[in-house]
Structure formats: structure tokens, C-alpha cells
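Heads up: the protein sequence lines correspond to chains A and B, in order. Residue numbers 20 to 771, in this note's numbering, belong to the letters of the first sequence in order. Residue numbers 151 to 237, in this note's numbering, belong to the letters of the second sequence in order.
Bear in mind the hints are in silico, worked out from the structure with no lab data behind them. Treat the hints with caution; some may be incorrect.
[To be verified] Pair by pair, the computed Cβ-Cβ distance ranges are:
#  : chain 1 : residue 1 : chain 2 : residue 2 : range
1  : B       : Thr176    : A       : Ser498    : 37 to 43 Å
2  : A       : Asp245    : B       : Val167    : 54 to 60 Å
3  : B       : Asp198    : A       : Glu220    : 26 to 32 Å
4  : B       : Asp198    : A       : Gly604    : 51 to 57 Å
5  : B       : Thr176    : A       : Glu584    : 38 to 44 Å
6  : B       : Asp225    : A       : Lys431    : 19 to 25 Å
7  : B       : Thr221    : A       : Lys431    : 25 to 31 Å
8  : A       : Thr35     : B       : Thr171    : 35 to 41 Å
9  : B       : Glu185    : A       : Pro162    : 40 to 46 Å
10 : A       : Asp707    : B       : Thr171    : 53 to 59 Å
11 : A       : Ile233    : B       : Glu185    : 40 to 46 Å
12 : A       : Asp55     : B       : Pro223    : 49 to 55 Å
13 : B       : Asp225    : A       : Val218    : 37 to 43 Å
Positions of the beta carbon are idealized from the N, C-alpha and C atoms, including for glycine.
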Amino acid sequence: MGKTSDKKQKYKVIGTRPIRHDGADKVTGRAIYGSDLRLSGTVFGRILRSPHAHAKIKHIDTSAAEKLPGVLAVATAHDFPDLKDKIANLGEGSVNLAHLGANALAHGKALYKGHAVAAVAAVNQHVAEEAANLIKVDYEVLPSVTWVLDAMRDDAPLLHEDVRTNSMGKKGDKPTNIATHIHFETGDVDQAFAAADLVIEREFRTASVHQGYIEPHVCTALWNQDGHLTLWTSTQGSFTARAQTAELLQIPVSQVTVVPCEIGGGFGGKIAVYLEPVAAMLSRKCGRPVKMVMTREEVFEGTGPTPGSFMRVKLAATKEGKLTAGLAWLAYDAGAFPGGMIGPGCMCVFSCYEFPNARVDGYDVLDNKPKTQAYRAPGATQAAFACESVIDEMAERLGICPIEFRLKNAAKEGTRRVDGPTYPRIGFIETLEAAKNSDHWKTPIGGPNRGRGIASGYWFNIGLKSCAAANVNPDGTVSLIEGSTDIGGTRTSIAMQLAETLGISAEAVKPRVADTDGVGYTDVTGGSRTTFATGMAAHEVGLDIQKQMAERAAHLWECDPSKVECVDGAYKSNGKSMTFTELAGKLGETGGPVVGRASVDPQGSSNGFGTHIVDVEVDPETAKVTILRYTAIQDVGTAIHPSYVEGQMQGGAVQGIGWALNEEYVFDDKGRMQNPNYLDYRMPTALDVPMIDTIIVEVFNPAHPYGVRGVGETPIVAPPAAIANAIYHATGQRMGELPISPPRLWAAMAKK
Amino acid sequence: MAQVFIPVQWRDLTGGVAEVTLPGATLREIAAALEARFPGIQARLLDDGAIASGLAVSIDGAVTSRGLRATVPADCEVHFLPAIGGG
Chain A
20 MGKTSDKKQK YKVIGTRPIR HDGADKVTGR AIYGSDLRLS GTVFGRILRS
70 PHAHAKIKHI DTSAAEKLPG VLAVATAHDF PDLKDKIANL GEGSVNLAHL
120 GANALAHGKA LYKGHAVAAV AAVNQHVAEE AANLIKVDYE VLPSVTWVLD
170 AMRDDAPLLH EDVRTNSMGK KGDKPTNIAT HIHFETGDVD QAFAAADLVI
220 EREFRTASVH QGYIEPHVCT ALWNQDGHLT LWTSTQGSFT ARAQTAELLQ
270 IPVSQVTVVP CEIGGGFGGK IAVYLEPVAA MLSRKCGRPV KMVMTREEVF
320 EGTGPTPGSF MRVKLAATKE GKLTAGLAWL AYDAGAFPGG MIGPGCMCVF
370 SCYEFPNARV DGYDVLDNKP KTQAYRAPGA TQAAFACESV IDEMAERLGI
420 CPIEFRLKNA AKEGTRRVDG PTYPRIGFIE TLEAAKNSDH WKTPIGGPNR
470 GRGIASGYWF NIGLKSCAAA NVNPDGTVSL IEGSTDIGGT RTSIAMQLAE
520 TLGISAEAVK PRVADTDGVG YTDVTGGSRT TFATGMAAHE VGLDIQKQMA
570 ERAAHLWECD PSKVECVDGA YKSNGKSMTF TELAGKLGET GGPVVGRASV
620 DPQGSSNGFG THIVDVEVDP ETAKVTILRY TAIQDVGTAI HPSYVEGQMQ
670 GGAVQGIGWA LNEEYVFDDK GRMQNPNYLD YRMPTALDVP MIDTIIVEVF
720 NPAHPYGVRG VGETPIVAPP AAIANAIYHA TGQRMGELPI SPPRLWAAMA
770 KK
Chain B
151 MAQVFIPVQW RDLTGGVAEV TLPGATLREI AAALEARFPG IQARLLDDGA
201 IASGLAVSID GAVTSRGLRA TVPADCEVHF LPAIGGG
């Protein structure tokens, strides 16, 4: 694992690799996941789902289910408040509550196969399942549509009669499945294409893919007799889950406590609530804790995949290799409700390069699939597949090394993106230089049927709100309480920033993720924000504690606090010195406990760029693609815990490999998913990929005290394009459709 | 004075003007100045008196979460963008 850095500061804790604080619980199986929870008197919930991709719900008869012995409650959409088009701000974005509620339990129409229609609670899972099957739903089956271009046609089946195209606030005048149209333009695009030495235009298609977290959605709800609702759930954001559930039930947030359990993966798919409001309603009705766990089939069919897409990208360049114009036309499906990932797709498609002239059109399109949800750099991977494939083709046609071509056009500080803003200090060029100097790039690939590909990718990385607090213990340790649910090891990366600030060891900080009553509001663990923003909060907690500790030292030494300085964690004044631990042992005699706290809300993006190199071998008989070697390179600002950073880069790369080669929702002609299980929905395993090498690039982010940029999302952006480019160099076949599965590649190779 | 970039999809209200320099210490004042210069533009920007859902405002490259109360420094750039969330 390599590392390049422009870091001037030297740290004692940051950049080291301590054992993670939750490591023992995780490896011994003692960590408490949602499925482990067993409250006294728990009953079990089950959801009845639509067998149709699109159908009017004419009537629901729950009488037979209610009469089944052991059934305690039945719920349908009629049990919930009417939330017609109410918009709620949920921190990372706003949500139409009517849509959110109708996704949790269908209102009037089932909009995709697997759409939840009704729910039951019973004494055990078997009775619950039997009761769910006794619910009679009278459907009027409607025509369905699952391909984005079909859904855009004027004669396509309409999902919502009231949807009008929103073009940055300007509403269309007719019913449509095109929920949003985004348009960016800069320069004189048509003139630039006319004057270019080389113009290449290509079309691309990508399938819907799922986030693929190992742990299914799970929730236990207890609506207590005093009216207080407690939810134990697997979520990326306990406060966001609280806000959504409270809004859907129209109760105050103070009436809801969300206890975040350990989480077995989310990747963007565990931000919206699904089970939580339903389990809460069932608990309210039966007065017992209600536990609900999705099957894998329900996860695939009932929770958000990332959008399938159709894209057209056209680029122009001079013969010297300078990009002069770009044009992108992107259509992403949103699934059953508006609000897909087209915005970031449009903003990311040209984000790696300087385009003096560019035009981007993007469409958010409703179709009969589950409501799409974020998935690691949502919208960026599809766009990068399209743009980076054409970039590679341009470099080849111009006879320029693909890294040199990217370097000639790379975005840098001051580059204005097509959507308008300019970049602050960024590290894209450094990732390209690191790629050029890597052992991987310098080592010839050799051998028949083999090819090397390279691609780059960008993701914004956000800030948002985080709170943290910490208590100094008499033994010199510090108990840290934070509100970011820990998906990727953030307890440790946050604790390390507090330790660095205080001059103590990482092990001396004891981090704990609190529930929504135990810590201040904290936005979701998403957007690659947690180590950045909650780490910033931990730093401020450290500064707060440091100030108070200096005051205690001054009290002991009977001097003015301004005369006490803190050096490497020791407090010193006029020849006297105490370590942090020594001073912590004397807090009782200097005024009592020291508690630090912080609330932060950093604005803006920390801008993550990555460049990936991949070697593949394609079996000429079967078209199976084998990944021979893979190197992920990324500017991470500062790697707080390099092992976790490497893990994020490796995990993102492997998910991108799955997206590139195998993963896809396969639908029949009635819009029913044909492969909702891990046998037929083919995710890569450890047997399918080599060791993913990483090169960490550290271009200090001036917007963070320790220079952190987000890490988790950027690594998934480049892989499909890098692999497609590698496959081209192995086979001579440019693939414009994901996944590049053996049947698809074989067909293309056979045609050639 | 802030340099305000007009989204392409609003330029039907600005006669094609893509950038304007406007006075305003807060986003609310910028929005009011925009409306005064280009009537109808607030209907695109605001919904029920707040930044419309689905929109974000970037001030000097940083998307603000402060809504119309956001401070607009002198000589800064203001962009109106689609709102995004991460995974």
C-alpha cells in the first residue's frame, strides 16, 4: 500500500493504525445488531407486498388475517395520517412525505413489484406470514415500464397523474414520468464542436444495481403506554430516521427515540425509512414490541437500488489533446417516486476536466422499480462510465497516453465546473501523477487477451451537522459520545482526532455512538462526511477540554490560566508540568468533572478525486473477465487511520467491479425482478478479485483542522469505466452497457 | 456586491442574462434583488418562503444549509444548483 503526501504537519496519532475500538465486539460476535435484539414480549411483523409492478389497489380485505389466532395487529396505509405533498427537511436533503409514506405502505396504487401493501403483527413469524397471506387485495393491474427511455415516451404508463416536469422551479403543464429536467451550459458548445479536430459521440446504458449490504433491513419498535416510541434499527442516521418516522406518524420528534444498532452495511440504502413507521404503527395497535426483518428478496424488491441509466456523451478536442467541448444527455430512473440521482450525475459527468464549452441535460424519470436510493457517490458512477470511456477513446485516437491526456485537461484549483462553482485546492493531478509513477503502471502487462484500463472519478464529499461530547475520566481516559452511526470504522477515526488534539493515545479515548436522546443532532453517516465533520466536532471537543484543563492546572498552580500552555498533551507553567493523566486525576479537587462539547455545521464540499488502474484477461471462449491486478489511487486529504482509508478504497473498488461485470436487476416483461437473491444477483466475492492495491494521496484540505477530505464514495466512481477501458484493450471491443457480463461481452465479441 | 450566476433554465426570465452583480448581505436580500430585477424569478427559487426543495445554493463554492439567512460576503459568487445527497 503506497502513500504520497504534501503534509507538512507531523502527528502522533493521526496516520497510525490502532486497533479499532469496536474490534473485540465485532470479531467475537458480541456486537449488537438489530437482529440480535429480543425485548420481553416481542411480537413479529410481516409485510404483504404487491405481486404486480403497477396496479390500482381497489380494496384491501384484512378480516381473515385479523381473525387468525395469534394475530395482534394489522396495518394499511389508511392507519397513517394523510400527508399530501408535505415537504420535510431531513438535513441531507428534503423529502416529500406523501411519497415517503406511500413507499412504506402503498396508498391507492402499487408502483413496483414488492411494494409494501399491508402489514401484520403476530406472536411469531410463521403466524405473521400466514396472516399476511390471508389479506385479500383486489388489484386492477396496469401496464408497467422499467426501462428509462420507455418511461419517457409520451405514451408510457403514467405512475403519478400529478407529476409535472420540474425544470429548476419551472413546472411543466402535462402529466409525465419525467419528474425533473436539469440543464447546464457554458461557453459556445456548437461552435466548439464545429471547430474541433476530433469529435467522438457514444451511447451508454447501465442496469439498476443494489447497494448489496449484507445485513437486511431490521427494526424493533416499542410504542410505550406513555406514548413514547422507541426504535432499535439499522440506519445510517438515527436522527434522520427519527425525523422521518415522526413526520410520517405526525408526532413530535421528542416522542421518538431512535437507538442505532450496529449496521451491516448501508452505502446510501439505509437512509430512508421502510420498516420503522410500519413497525411503530403495529406496536401502537398491539401494545407490544414489534420486530420486523426483511428477507433478501424483500431487500432487493422493496428497497432502493441505484438508478439504471441511458447516457449519451460527445466530446471534442484539438489534435494536441486539449478538450474543447463536452455534451452529455443523461436519463436516470428514479423508480416509483421522484427524487433520483440525476442532479449529482449531471454535476459529476464533466467534473474531472476543464471544459471551456459544455452542455449537460439530465432527466429524473419515474418507472416501475423500487424508489431509487443513494449508493456511494450516487449518480457519479454511471456518468463516469460514460465520460471516461469516451476520454479513453479520444486519447487512443489522438495517440496520447491516457494519463497524459487526462493531465492536459485535469481540473485543478480555480477550474470552473459546468454547473458553475470553481474548485478550491484539489488533488486530482496528484492522483494522476501517482498513477503514472506507480509500479502497476510502469509494469508491462503482457500476454494474450489481456488489457489495461485507467479511469478517474470525482465525488463532492459533504459537511453538514455533527455533535460530540466527551467526559474526562480520573484515570486520564476520555469517554467520547457522538451521534454518527458507525459503518466504516468512524468511531476510531473520530476518536483519533480527539486523541490527537488532546495529546493522548487513541486507546485512551473510549468512543460510543449514542441514541437520539444521548447526543446533539447529527446528520447521516453518508456523503463521505463522518470522519470529516464529526471528526471536526471531536477536534473542537478537544479544544474545549484543553481550555478547561488549562484552567484546572492554573487553579492547582495558583496562577492565571493564560500562563498555562499545553505542549504535546502536557500542561506547563513556570517550570511546572503535569501530564493529561496526572491532571485528570486531580479534577475532583479543582472543581469537578471536565466535559467538552461541540456542535459543527461545516458548509461545502471537500472534493475527492480518484484514479484507478486495472488489468484484465478475457477468456476468448466464454468472455469471462478476470481481474488480474487492480490499483486504486485517491486524494484523501489526510488519512486519519490509513487501514480504514485503504479498506474504503478497496471496498468501493470491489463494489465497482461488481457493477461493471455482473450485477444487474433482471426484469421480465411484466416488470418483475427475476433474480432477487445472491445466487442469481451476482456480487463479487473474495474469490473473484485480486488484492486491491491502494495508493493514498494526501493533498491537505484547508477546510479541515487535520486536512481531512471524505473517502468512502469516490472509490466506486472509476471502476466500471476503468474495467470497460481494460476490456477494450484486451479485446478491441468498446462496451457501452453495464454490466459487461459474459453473455453480453461474448455477443459483442462474436459480432465483431 | 455578489456575482450571481443565473441557471440556464431561469434565463427565460432574464432575457438571456447569465450573470449579474447584486447587492445583498444575505441570501434573502439577494433573492429580493433578483426578483426586483427579474420579476418571477423568486417563484422558481422559493417555495413557501424558503429555498425550494430540490435546490441548493452555493456561496463561494460552499453549499449553504442556512437557507435565506445565509451570509453573502462581498465579492462572492452565488450559484443555484440541484440539491444532492450522498451515500
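* Using the C-beta atoms of B:Asp198 and A:Gly604, is the stated range 51 to 57 Å upheld? -> Since the Cβ atoms of B:Asp198 and A:Gly604 sit about 56 Å apart, the hinted range of 51 to 57 Å holds.
* C-beta pair B:Thr176, A:Glu584: status relative to the range 38 to 44 Å that was hinted -> At roughly 40 Å between Cβ atoms, A:Glu584 and B:Thr176 fall inside 38 to 44 Å, so the hint holds.
* Measuring from beta carbon to beta carbon, are B:Glu185 and A:Pro162 in 40 to 46 Å? -> holds, 43 Å
* Okay, A:Asp707 versus B:Thr171 on CB: inside 53 to 59 Å? -> Given about 56 Å between the Cβ atoms, the range holds.
* Honestly, do B:Asp225 and A:Val218 meet the 37 to 43 Å range at C-beta? -> holds, 38 Å
* Distance restraint hint 37 to 43 Å, applied to the beta-carbon atoms of B:Thr176 and A:Ser498 -> holds, 40 Å
* Could you say whether the range 49 to 55 Å given as a hint is met by the Cβ separation of A:Asp55 and B:Pro223? => Once the Cβ atoms are compared, 50 Å apart, the range 49 to 55 Å for B:Pro223 and A:Asp55 holds.
* Has the hinted range 25 to 31 Å been met by the Cβ atoms of B:Thr221 and A:Lys431? -> holds, 28 Å
* With 40 to 46 Å as the target window, see if A:Ile233 and B:Glu185 comply at their CB atoms. => The hinted range 40 to 46 Å is violated for A:Ile233 and B:Glu185, with Cβ atoms some 51 Å apart.
* Is 35 to 41 Å right for how far apart the beta carbons of A:Thr35 and B:Thr171 are? -> violated, 49 Å
* Asked: For the pair B:Asp198 and A:Glu220, does the Cβ-Cβ distance stay inside 26 to 32 Å?
  -> Taking Cβ atoms as reference, B:Asp198 and A:Glu220 lie about 42 Å apart, which means the hint is violated.
* Asked: Is it true that the C-beta distance of A:Asp245 to B:Val167 lies inside 54 to 60 Å, as the hint says?
  -> Since A:Asp245 and B:Val167 have Cβ atoms about 59 Å apart, the given range 54 to 60 Å holds.
Of the numbered hints given earlier, the model fails hints 3, 8, 11; all others are met.
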